[in-house]
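**Student:** So the chains spell out like this:
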Amino acid sequence: MSRRPYVRKVNRSWWLGQRRYVAYMIRELTSVFVGLYCGLLVLGLVRLAQGHAAWDGFLAALSSPVGVLFQVVCLAFAAYHSVTWFALTPKAMPLEVRGEPVPPGAIIGMHYGAWAVVSLIVLIAAGI
Amino acid sequence: MVRSNKPILWLPFAAGGLVAALIIPVLILITGILMPVGIVPLPYEKVAAFAHNPLGKLILFGVVAFPAWHAAHRLRMTAHDLGLGGGVAIKVICYGSAWVLIAATVAALIMV
Chain A
992 MSRRPYVRKV NRSWWLGQRR YVAYMIRELT SVFVGLYCGL LVLGLVRLAQ GHAAWDGFLA
1052 ALSSPVGVLF QVVCLAFAAY HSVTWFALTP KAMPLEVRGE PVPPGAIIGM HYGAWAVVSL
1112 IVLIAAGI
Chain B
119 MVRSNKPILW LPFAAGGLVA ALIIPVLILI TGILMPVGIV PLPYEKVAAF AHNPLGKLIL
179 FGVVAFPAWH AAHRLRMTAH DLGLGGGVAI KVICYGSAWV LIAATVAALI MV
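Protein chains in written order, with our numbering: chain A, 992 to 1119; chain B, 119 to 230.
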């Protein structure tokens, strides 16, 4: 028996009509830049494994105008991902303390706090 | 009954979303702005020492693997939203690239 599920045709521009749908698509688009930057990190690790000269070449590429521009674009999308991800945490992960629901603002606030702490630790570890 | 594989896909997705949200922006700030202007030089000896350390390897693996999986899963879902889902090709492209990145990370961390 062959299984042939019905696939409804989707209009590919359905999300262009409404602001909230566009915002949703931009939020989803952040994953492209998170993925691309992960690729850049992996490239960096490979260059690191190849030795001193390869690493210095990698740093030079990161510092080139194209490298900086690419990363600034990635940073904008990554920050948008952080903000939207924190905003949905009370809905995705509702918390209760002693039977009382934790207010959404407190859950979001804790995530921003964690963001600040992690960023500070990474900056100090990187030697700022 | 067919068991759903959704939790297996979803848990690293959620973990990746959180890891990406917490750590990727500051990493881009360092490699894309602070390093190029010379505030954080990222010398080879220092970064290599971090990658030699077992805890450092674990951190580097987590920082790459989880967000990569997150991005792959999210891209696949967005492709579905755009009417491109359903086929095997999207799955192979999305999860395949995540696995390539994860494998390359493991290889680099072993060789470094």
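Hints were generated in silico from the structure; no laboratory data involved. Quick caveat: nothing in here was measured; it's all calculated off a predicted structure. Ideal placement from N, C-alpha and C gives every residue a C-beta, glycine not left out. Accuracy of the hints is not assured; some may be wrong.
Stated by the list, open to error - Only part of the chain A face toward chain B is listed, based on derived beta-carbon distances under 8 Å: (1) Q1009; (2) V1063; (3) H1072; (4) L1086; (5) E1087; (6) E1091; (7) V1093; (8) P1095; (9) M1101; (10) V1113; (11) L1114; (12) A1117.
Claimed, not checked - Some residues of chain A that are not near chain B, with every Cβ distance over 12 Å (derived): (13) R1003; (14) G1008; (15) L1034; (16) G1035; (17) G1058; (18) P1085; (19) P1094.
Claimed, not checked - Some chain B residues flagged as far from chain A (calculated, every beta-carbon gap over 12 Å): (20) V144; (21) R194; (22) L202; (23) L219.
**Student:** If a hint holds in the structure, say so; if it doesn't, say that too.
**Tutor:** Consistency of the hints with the structure:
no., hint, result
1, Q1009, "14 Å, violated"
2, V1063, "6 Å, holds"
3, H1072, "6 Å, holds"
4, L1086, "15 Å, violated"
5, E1087, "19 Å, violated"
6, E1091, "24 Å, violated"
7, V1093, "17 Å, violated"
8, P1095, "17 Å, violated"
9, M1101, "12 Å, violated"
10, V1113, "5 Å, holds"
11, L1114, "6 Å, holds"
12, A1117, "5 Å, holds"
13, R1003, "5 Å, violated"
14, G1008, "14 Å, holds"
15, L1034, "8 Å, violated"
16, G1035, "8 Å, violated"
17, G1058, "7 Å, violated"
18, P1085, "14 Å, holds"
19, P1094, "20 Å, holds"
20, V144, "4 Å, violated"
21, R194, "10 Å, violated"
22, L202, "8 Å, violated"
23, L219, "5 Å, violated"
The structure fails hints 1, 4, 5, 6, 7, 8, 9, 13, 15, 16, 17, 20, 21, 22 and 23 (numbered hints given earlier, in ascending order).
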